[in-house]
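J.: Chains as they are written, first to last, in my numbering: chain A, 290 to 433; chain B, 12 to 150.
Check the hints yourself; a few may be wrong.
[Claimed, not checked] Cut-off 25 Å, straight-line C-alpha distance, at most; resulting in silico cross-link-like pairs (SDA-like, lysine to any residue): (1) LYS84/B x LEU405/A; (2) LYS84/B x THR291/A; (3) LYS84/B x SER301/A; (4) LYS84/B x GLY432/A; (5) LYS84/B x GLY339/A; (6) LYS84/B x ALA342/A; (7) LYS84/B x LEU319/A; (8) LYS84/B x LEU359/A; (9) LYS84/B x LEU402/A; (10) LYS84/B x GLY332/A; (11) LYS84/B x ASP340/A; (12) LYS84/B x ALA337/A; (13) LYS84/B x VAL341/A; (14) LYS84/B x LEU66/B; (15) LYS84/B x VAL411/A; (16) LYS84/B x ALA338/A.
In short, the hints are calculated from the structure, not lab data.
Note that this is a predicted model, so its numbers are computed, not measured.
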Amino acid sequence: MTIAWNLFTPWSALAGGVLIGVAAAMFVLLNGRIAGISGVLGGLLRPAAGDVAWRIAFVAGLVATPLLWLLFADRPQPTIDAGWGALVAAGLLVGIGTRYGSGCTSGHGVCGLSRLSPRSLVATLAFMGAGFVTVYLLRHVLGA
Amino acid sequence: MNVFTSLLAGLVFGIGLIVSGMADPAKVLGFLDLAGAWDPSLAFVMAGAILVGVLAFYVAGRRARTFLGGELKLPTARQIDRRLVLGSLTFGVGWGLAGFCPGPALVALGLGETKALVFVAAMLVGMGLFEGLERRLAR
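Could you build the full structure based on these sequences and the hints that come with them?
T.: Structure, rendered in structure tokens:
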């Protein structure tokens with residue numbers, strides 16, 4: 290294993306992580322829910338009375354983040370190397386998988402592990418493992 | 012439930028995703044590429060989030076209601092079953108394919124990235140397909 294020291298950003302990673310933790314804390318302590326993004330979003334496809342506005346507000350907050358960000362800082366420049374076909378396949382897999390497995394990086398990875406949930410630990414190991422294997426196959430076997 | 016605190020939590024979450032680098036798929040894939048030039052940053056994102064999360068959920072676990080007086084609803088499922096594992100494996104493959112998980116994709120969508128729009132649209136279709144199947148199986 291070679292560590293990419295030139296790309297390694299421990300402090301901003303830690304600071305961003307703390308902010309994500311603060312958001313999850315606000316969500317559970319003020320709204321009484323798990324800040325699981327796939328769950329919040331997926332629940333909108335099964336709308337129930339009184340269960341819609343808070344979901345839309347949370348998703349809107351995420352989508353509107355760049356607007357707030359651009360008032361104070363430079364535009365972040367994400368690099369999205371995946372091609373169109375891969376993006377569609379990835380989106381479908383993420384959509385189906387997160388709903389079938391009841392959570393994603395936020396619900397299982399952040400909130401579940403913070404709750405010391407064995408279920409979320411298994412889920413996190415499964416999606417991280419699958420992510421590692423997928424990138425390995427794509428980059429080092431198929432050479433994409 | 013409070014719509015304002017929900018919006019605020021979404022914004023703080025999104026800023027955390029940008030600051031941490033998670034809103035950049037290349038950075039995420041750098042973490043998932045163990046055999047290449049590995050960027051361990053994402054482990055620090057998880058560590059920072061869980062550090063705060065453990066405290067928050069410890070407090071939440073001892074309360075029946077939120078600080079605003081609302082219902083506090085924590086997950087009750089405990090079984091580790093095929094759904095959980097197969098679903099998470101499927102999600103992981105999609106995550107590794109493009110470097111997007113749901114939150115960062117929504118933030119990148121807000122940045123106006125066309126590729127994020129395509130990913131989010133496909134993700135919503137995937138979620139819809141799942142809902143449809145669930146309803147059919149439940150019948």
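J.: Would you mind confirming whether the straight-line C-alpha gap from LYS84/B to ASP340/A stays at or under 25 Å?
T.: Holds - the C-alpha atoms of ASP340/A and LYS84/B are around 13 Å apart, at most 25 Å.
J.: Has the given pair, LYS84/B with LEU319/A, been kept, meaning a C-alpha gap of at most 25 Å?
T.: 11 Å, holds
J.: So if I understand the rule, the pair passes when the alpha-carbon distance is 25 Å or less; does LYS84/B with THR291/A pass?
T.: 43 Å, violated
J.: Need the status of pair LYS84/B, ALA337/A: alpha-carbon distance at most 25 Å?
T.: 16 Å, holds
J.: Within 25 Å, alpha carbon to alpha carbon, are LYS84/B and LEU66/B?
T.: Between LYS84/B and LEU66/B the Cα gap is close to 17 Å, so the pair holds against 25 Å.
J.: Starting from LYS84/B, check that the Cα of GLY332/A is at most 25 Å away, please.
T.: 15 Å, holds
J.: Assess, step by step, whether the Cα of LYS84/B is no farther than 25 Å from the Cα of VAL341/A, and give holds or violated.
T.: 16 Å, holds
J.: Keeping to a limit of 25 Å between CA atoms, is the pair of LYS84/B and LEU402/A held or broken?
T.: OK: LYS84/B and LEU402/A at ~17 Å, within 25 Å.
J.: Holds or violated: LYS84/B with SER301/A, Cα cutoff 25 Å?
T.: Status violated; Cα separation ~32 Å.
J.: Run the distance test for LYS84/B versus LEU405/A: straight-line Cα separation, threshold 25 Å.
T.: Answer holds: LYS84/B to LEU405/A is near 16 Å, not above 25 Å.
J.: Within 25 Å, alpha carbon to alpha carbon, are LYS84/B and GLY339/A?
T.: 15 Å, holds
J.: Would the hint linking LYS84/B and LEU359/A be met if the CA-CA limit is 25 Å?
T.: Not OK: LYS84/B and LEU359/A at ~34 Å, beyond 25 Å, violated.
Consistency with the previously given hints fails for numbers 2, 3, 4, 8, ordered from lowest to highest.
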